[in-house]
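> Sequence:
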Amino acid sequence: MNTTWLYIIIGYVVLAVLVYLVQEFFIFKPEKLKADFQYKYDAPFEELFFDVEPGVRINGLHFKTEKPLGLILYFHGNSRSIKGWAKYAKDFYRYNYDVVLVDYRGFGKSTGKRSEHDMLKDMQFVYDTLAVEYHEHHIIVYGRSLGSGFAAKIASDNKPRYLILDAPYYSFKKVIERFLPILPVKILLRYHLRTDKWIRHV
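Under the numbering used here, the letters of the sequence shown match residues 13 to 214, in that order.
A few of these clues could be false.
With a straight-line cut-off of 16 Å between C-alpha atoms, the simulated EDC-like cross-links for lysine to aspartate or glutamate are [to be verified]:
hint	residue 1	residue 2
1	Lys186	Asp208
2	Lys102	Asp54
3	Lys46	Glu59
4	Lys95	Glu59
5	Lys76	Glu59
6	Lys171	Glu148
7	Lys102	Glu78
8	Lys209	Asp169
9	Lys99	Asp54
10	Lys125	Glu36
11	Lys99	Glu59
12	Lys133	Asp63
13	Lys198	Asp208
14	Lys95	Asp54
15	Lys133	Glu65
16	Lys125	Asp63
17	Lys76	Asp103
18	Lys198	Glu128
19	Lys125	Glu65
20	Lys102	Glu58
21	Lys171	Asp140
These are computed hints drawn from the structure, not numbers from a lab.
Let's have the full structure, built from the sequences with the hints guiding it.
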């Protein structure tokens with residue numbers, strides 16, 4: 013094997029290892045908030061905390077109307093926190109729908125180490141908790157961008173009234189493959205978020 017091919021192979025392996033190790037830096041762009049941060053909005057709201065397990069607490073905001081027609085469970089995109097995403101709640105509560113937005117692990121005030129399995133488990137915990145107050149028939153699951161994968165999974169495993177996907181992706185793996193066509197993305201990627209698979213069961 014000549015030196016050129018050796019360098020190519022070493023470079024390929026190094027690139028693959030880097031992609032595996034630092035992928036979260038490119039996938040998630042969280043805004044972190046201090047534990048004592050105070051949310052302020054014009055509409056009535058309540059701050060929520062979902063204690064999923066020891067060391068894992070999911071933070072949320074619950075915008076309430078006087079006579080709600082149902083609940084919008086909003087899964088946001090890959091950046092910022094519910095502090096900013098909350099501005100979209102008015103698109104729903106002005107039509108008399110309550111709205112709950114939640115932050116994923118490591119976003120805003122939410123705690124815990126991220127993994128696809130654990131994040132999906134968190135969102136199911138949130139759904140189950142809300143389903144105690146709102147019958148499933150009155151819950152609409154809404155996913156924006158990255159959140160569309162979480163929304164599709166929750167809708168496939170439960171029976172909400174509707175599923176709404178805003179700027180979704182068909183397959184998160186295929187999105188990443190567009191940027192890294194030379195790498196075995198299926199093996200390296202730790203977040204597959206199979207919207208294409210889950211949407212079939214909604």
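> Determine for every hint whether it applies to the structure shown.
Right, here's what the structure says about each hint:
1. Taking the CA atoms of Lys186 and Asp208, the gap is near 11 Å; set against the 16 Å cutoff, the hint holds.
2. Of the supplied pair hints, the one linking Lys102 and Asp54 holds, its CA atoms being roughly 10 Å apart against a limit of 16 Å.
3. Restraint check for Lys46 and Glu59: the C-alpha separation of about 14 Å stays at or below 16 Å, so the hint holds.
4. The straight-line distance between the Cα atoms of Lys95 and Glu59 is roughly 11 Å, inside the 16 Å bound, and the hint therefore holds.
5. For a cut-off of 16 Å, the pair hint linking Lys76 to Glu59 stands: about 11 Å separates their Cα positions.
6. For the hint pairing Lys171 with Glu148, the CA-to-CA distance comes to about 6 Å; that is within 16 Å, so the pair holds.
7. For a cut-off of 16 Å, the pair hint linking Lys102 to Glu78 stands: about 14 Å separates their Cα positions.
8. Note on Lys209 and Asp169: the hinted pairing holds, with a Cα-Cα distance of about 12 Å set against a maximum of 16 Å.
9. With a CA separation close to 10 Å, the supplied pair Lys99 and Asp54 stays within the 16 Å bound.
10. The hinted pair formed by Lys125 and Glu36 meets the criterion: a straight-line CA distance of about 11 Å does not exceed 16 Å.
11. Annotation: proposed proximity of Lys99 to Glu59 holds, straight-line Cα distance about 15 Å (limit 16 Å).
12. This hinted pair checks out: Lys133 and Asp63 have alpha carbons roughly 12 Å apart, not beyond 16 Å.
13. Under the criterion of a C-alpha separation no larger than 16 Å, the hint pairing Lys198 with Asp208 is consistent with the structure, at around 15 Å.
14. Restraint check: the Cα-Cα separation between Lys95 and Asp54 comes to about 13 Å, which is no more than 16 Å; the hinted pair holds.
15. As the CA atoms of Lys133 and Glu65 are separated by approximately 11 Å, the hinted pair is consistent with the 16 Å bound.
16. At roughly 14 Å between alpha-carbon atoms, Lys125 and Asp63 fall within 16 Å of each other, so this suggested pair holds.
17. At roughly 13 Å between alpha-carbon atoms, Lys76 and Asp103 fall within 16 Å of each other, so this suggested pair holds.
18. The straight-line distance between the Cα atoms of Lys198 and Glu128 is roughly 14 Å, inside the 16 Å bound, and the hint therefore holds.
19. At most 16 Å may separate the alpha-carbon atoms for a hinted pair to count; Lys125 and Glu65 meet this at roughly 12 Å.
20. Only pairs whose Cα atoms come within 16 Å are accepted, and Lys102 paired with Glu58 is accepted, the gap being roughly 15 Å.
21. Between Lys171 and Asp140 the alpha-carbon distance is near 11 Å, which keeps this suggested pair within the 16 Å criterion.
Violated hints: none; the structure is consistent with every hint.
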